[in-house]
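Can you make the complete structure from the sequences, with help from the hints?
Residue numbers (my numbering), protein chains in the order written: chain A, 85 to 218; chain B, 85 to 218; chain C, 85 to 218.
By construction, these hints were calculated from the structure, which means they are not laboratory data. Misleading hints may appear alongside valid ones.
Identical chains blur together in the list; that is why a pair holds if it fits in one copy or across any two.
To be verified - As a list, the in silico DSS-like pairs of lysine-lysine whose alpha-carbon atoms are at most 30 Å apart:
hint: 1; residue 1: K124; residue 2: K86
hint: 2; residue 1: K104; residue 2: K94
hint: 3; residue 1: K124; residue 2: K149
hint: 4; residue 1: K86; residue 2: K104
hint: 5; residue 1: K186; residue 2: K149
hint: 6; residue 1: K124; residue 2: K104
hint: 7; residue 1: K104; residue 2: K187
hint: 8; residue 1: K149; residue 2: K86
hint: 9; residue 1: K149; residue 2: K187
hint: 10; residue 1: K104; residue 2: K186
hint: 11; residue 1: K110; residue 2: K186
As the structure is a computational prediction, the values presented were derived from the model and not from experiment.
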Amino acid sequence: MKSIRIRTNKRVEIIDITSKVEDILKDTNIDDGIAVIFTKHTTTALAINEYEPGLIQDLENMLEKLVPENAGYLHDRIDNNADSHLRAMLLNSFLVIPIMSKKLGLGTWQRILFLELDGPREREITISVISQNE
Amino acid sequence: MKSIRIRTNKRVEIIDITSKVEDILKDTNIDDGIAVIFTKHTTTALAINEYEPGLIQDLENMLEKLVPENAGYLHDRIDNNADSHLRAMLLNSFLVIPIMSKKLGLGTWQRILFLELDGPREREITISVISQNE
Amino acid sequence: MKSIRIRTNKRVEIIDITSKVEDILKDTNIDDGIAVIFTKHTTTALAINEYEPGLIQDLENMLEKLVPENAGYLHDRIDNNADSHLRAMLLNSFLVIPIMSKKLGLGTWQRILFLELDGPREREITISVISQNE
Chain A
85 MKSIRIRTNK
95 RVEIIDITSK
105 VEDILKDTNI
115 DDGIAVIFTK
125 HTTTALAINE
135 YEPGLIQDLE
145 NMLEKLVPEN
155 AGYLHDRIDN
165 NADSHLRAML
175 LNSFLVIPIM
185 SKKLGLGTWQ
195 RILFLELDGP
205 REREITISVI
215 SQNE
Chain B
85 MKSIRIRTNK
95 RVEIIDITSK
105 VEDILKDTNI
115 DDGIAVIFTK
125 HTTTALAINE
135 YEPGLIQDLE
145 NMLEKLVPEN
155 AGYLHDRIDN
165 NADSHLRAML
175 LNSFLVIPIM
185 SKKLGLGTWQ
195 RILFLELDGP
205 REREITISVI
215 SQNE
Chain C
85 MKSIRIRTNK
95 RVEIIDITSK
105 VEDILKDTNI
115 DDGIAVIFTK
125 HTTTALAINE
135 YEPGLIQDLE
145 NMLEKLVPEN
155 AGYLHDRIDN
165 NADSHLRAML
175 LNSFLVIPIM
185 SKKLGLGTWQ
195 RILFLELDGP
205 REREITISVI
215 SQNE
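Dropping the structure here:
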């Protein structure tokens, strides 16, 4: 298992980590199988979609509309980031992507998105590669 | 890795693909493990739930309520389908389902649902089967 | 494949099942790989996040806000639980978590949450463990 470390710069920030994941695949001995991408934090998320700046802003706006910051959450009495946790659960903590010939089996517009939801912080994402041996 | 191709007929359309996935499992040599079902598109999604026509319409209505079409999205200036991308991210691009004795380990009411969110189009879903070898 | 059985006590109830999953890992021969946790029901869900009572209540409140009970759903004419199905699809039916040295590769605050969305009922969650053999 390998890991990626990311330093985020804003409270909410969406980063394309596709090339970092691809670099890790180059270092493995596995040709075909799956990659499991897992974020170790309760206030971050992962998604697969297009990285287009307008769409990235639309995604931030959707999260703010569905789960507004500072909306009287009980968890905010302990730690002022309930919205970050709740948004993370609406999205995903992990992704599973096919690997073919040491490459991610993504479609043309698919990118791996890491969502910082309570930054800025230092974050760690692990990559597990599982072989397909029929 | 095998793939399923689907021709959709409407902008939003929810299709039960369970039997197509089961057909692929019959052709593999793997008895126990997991199936990874992955859609290669940024405006489609996958879900596991009951295929009951009323519920399918409720699901379409929920997506329209949470992420309405044409709500002034920035991405709509480039390509008029921001809602399709955002709905895809609220759901999933992939599913992981246990396999036992060459069969999907689904519960009684669970079906594999493919969601076209920006059709009609030709779509591709890949199936990776990973063996459980203790 | 092993399974966990849970008896729930309320219509909506969120239970930390992390220690039950860890107990199953101790009984396997796999040191490194992934665990696939799968709920066999269409009105339950799984999530990874912090188990803090205030946040758990915030999560229940978010689900009620985004997908209110008894909001005139078509599926409610058949079975009075459309909200349970729809909430399950907004979250996840399965989780994939890395395993390292027979332990779950969770971060400090991450717990495995099981969400009963239409209880009280008897529920079954399966655990598939897949080895990482490079």
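Okay, which hints does this one fail, numbers in order?
5, 8 and 9
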